[in-house]
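J.: Spelled out from the first residue to the last, the chains are:
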Amino acid sequence: GCRDWALRFQVSAALREGRVTPTELCQRCLSLIKSTKFLNAYITVAEETALKQAEESEKRYRNGQPLGALDGIPVAVKDNFNTAGIETTCASNMLKGYISPYNATVVQKLLDQGAVLLGKTNLDEFAMGSGSTDGVFGPVRNPWSYSRQYKEKSIPESHSKDEESNWVITGGSSGGSAAAVSSFTCFAALGSDTGGSTRNPAAHCGVVGLKPTYGLISRHGLIPLVNSMDVPGILTRCVDDAAVLLGSLAGHDPRDSTTIQDDFKPFELPSLTDVSKLSIGIPKEYDAPGLSSEIVALWSKAADLFRNAGAKVMEVSLPHTCYSIVCYHVLCTAEVASNMARFDGLEYGHRSAMNKSTESMYAATRREGFNDVVRGRILSGNYFLLKQNYENYFIKAQKVRRLIANDFVKVFRSGVDILLTPTTLSDAATYVEFIQEDNRTRSVQDDLLTQAVNMAGLPAINVPTALSERGLPVGLQFIGRSFQEKQLLTVAKWFEKQVKFPVIQLEEVKRHDLQDQKSASFS
Amino acid sequence: QKVTVEVLDHLEHLALVDFRDAEGVERLQKAIQFADRLHEVNTDGVEPMDSVLEDRCLYLREDDVTEGNCTKELLKNAREKVEEYFVAPPGNIPLPKLGERETFLQGS
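For the record, the sequence lines run as chains A and B. Under UniProt numbering, the first residue of the first sequence carries the number 1, and numbering increases by one thereafter. Under UniProt numbering, the first residue of the second sequence carries the number 1, and numbering increases by one thereafter.
Think of the hints as simulated: they come from the structure by calculation, not from any bench. Beta carbons are placed, not taken as given, at the ideal position from N, Cα and C, and that holds for glycine. A portion of the hints provided could be inaccurate.
[Said to hold, decoys possible] Some chain B residues judged to face chain A by a derived CB distance under 7 Å, without partners named:
1) VAL25
2) ARG27
3) GLY45
4) PRO48
5) LEU58
6) VAL65
7) ARG79
8) LYS81
9) VAL82
10) TYR85
11) LYS97
12) LEU98
13) LEU105
[As the list claims (entries may be wrong)] Quick look at which bits of chain A chain B covers, simulated, 3 or more residues with Cβ under 8 Å:
14) 95-101
15) 288-296
16) 302-316
17) 461-474
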């Protein structure tokens, strides 16, 4: 049944043993994508090319020569990664119709290992947002909105509108990718993470969301937001799968000079049984205003779990945490102002009909192509970069960034191995509630627990932990030392095993597509 | 301190993006107010941080041409082109001044 889909390793084995073929797998995913269209998780579904890739993979399996663990595995990619021959829109009018002439390095790596690219997933426009609600293709719906777990807990109102208005957001900005993984339409998805954009939707959608160390995975082909903080993110249904994806994507890329040159060795995660040598830090500043009591309780329970298993658990302090959002606000808008300057209509993307002068054409193109959020950040960024403001805002923010990064260095130097924090302030809000506040306010609130990690460039992972009282996923975040992904994932895997997060019981879909999946036993 | 119309106009020129309406201007005001909180932090003697990888050397490669010749692919995405050129409207014409261009700021 459903549960068998969750463990890709088992699917991998099934492919090797011929119990399922890559084309069958691909077709099932494509069919599932169709029947879950209401989630709006995908912007583009590359059906033809996916089936072709699946056929190629099948040939390799028949010859007994699969390329590796990812051969034949259906994956999805956030629509801010360039994919050759496939439209890449960043959910913006500015790039509607833009067909990438090349593959992002991470996309190329996936394809080189035989992964089947199902399509491009939805996001907030240019990855700016924390709800996946502000793209031109509309908001993404959290699959858990349609779960039995959520429906059971919904209070039926006497004058209730239909369940239409009750659906919850995915979080963002990689909401489409998170929803795609959560609803079983793919086995893994790429997201991006600049302020929490992979971990936030992972938490709301009940999937594993890994933000690797800055410099570990190539950003070549990832349409940039903040060059000094962006990383490709990995979304999967279990920690082991995240490790496999990491192994296939990490490593120096000559095309991205911000990737480190150290040799990267892919690893298999040991099954940790003894955590007594582990030191877990609980940063007190992450008990932030607005943190739901439910999550505080869960966080505390998790700390106890480690303590009772023999680990050393202690409170630590990251004193500049409260300034990370302000700092991010200035640095992000400044880099955005620079990064968005390339969109002028001349070489690619939308071009206005205005033809009087280059300047007026650029201005009209950008007026027509960008939404309010993007324009707002460009204007703010330009303000902070004005000569009279540069020192007081941009340079100042860079100094504060160092203080934030140093906070982490100090804590890790004091003997702490891993930090344990909440990922989000609460479970997912309904769309109706979420849009009551504007994008910037929401981002400021929602990024609080995840943003400082991007400041410091550290690796972090969301592990789905439990269901809230509303029947929605809540995750916890583990933060590790730079380039110590193995340790981070090992601890995350141990924790995942302890909490046994429940499988989503998707109602609508059950009837149509999982019917024929029930007969395939993958164990 | 409110941002002056001169500065707003200047920003529209620099960014080649318009404020659109009062909400856009208000958004900037709020953004500045928010950013001012940075000044609460004592950063005496602290160096600005450009990159978390500042302790490492940037990768340099040999100046060898290993790829290119993709003119056709690159031109595919451009709307206006002639032979191997991207076609732009006439340059060296500054954006019309405030009062002469379509901008919300005229009213302020």
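J.: It remains to establish, for every hint, whether it holds in the given structure.
T.: Results for each hint:
1. VAL25: violated, 9 Å
2. ARG27: At about 5 Å, which falls below the 7 Å cut-off, the nearest Cβ of chain A leaves the hint on ARG27 of chain B intact, so it holds.
3. GLY45: Constraint on GLY45 of chain B not satisfied, violated at 9 Å.
4. PRO48: Status holds, d = 3 Å.
5. LEU58: holds, 5 Å
6. VAL65: Cβ of VAL65 of chain B sits 14 Å from chain A, so the hint is violated.
7. ARG79: holds, 4 Å
8. LYS81: Status violated, d = 9 Å.
9. VAL82: violated, 13 Å
10. TYR85: Status violated, d = 11 Å.
11. LYS97: Check failed: Cβ of LYS97 of chain B comes no nearer than 12 Å to chain A, outside 7 Å.
12. LEU98: Interface hint status for LEU98 of chain B: violated (13 Å vs cutoff 7 Å).
13. LEU105: Given a least distance of 12 Å, the restraint on LEU105 of chain B is violated.
14. 95-101: Holds: 3 residues of the stretch 95-101 of chain A have a Cβ under 8 Å from chain B.
15. 288-296: violated (count 0)
16. 302-316: violated (count 0)
17. 461-474: Three-residue rule not met by the stretch 461-474 of chain A, so violated; n is 0.
Hint violations for this structure: numbers 1, 3, 6, 8, 9, 10, 11, 12, 13, 15, 16, 17, all remaining hints satisfied.
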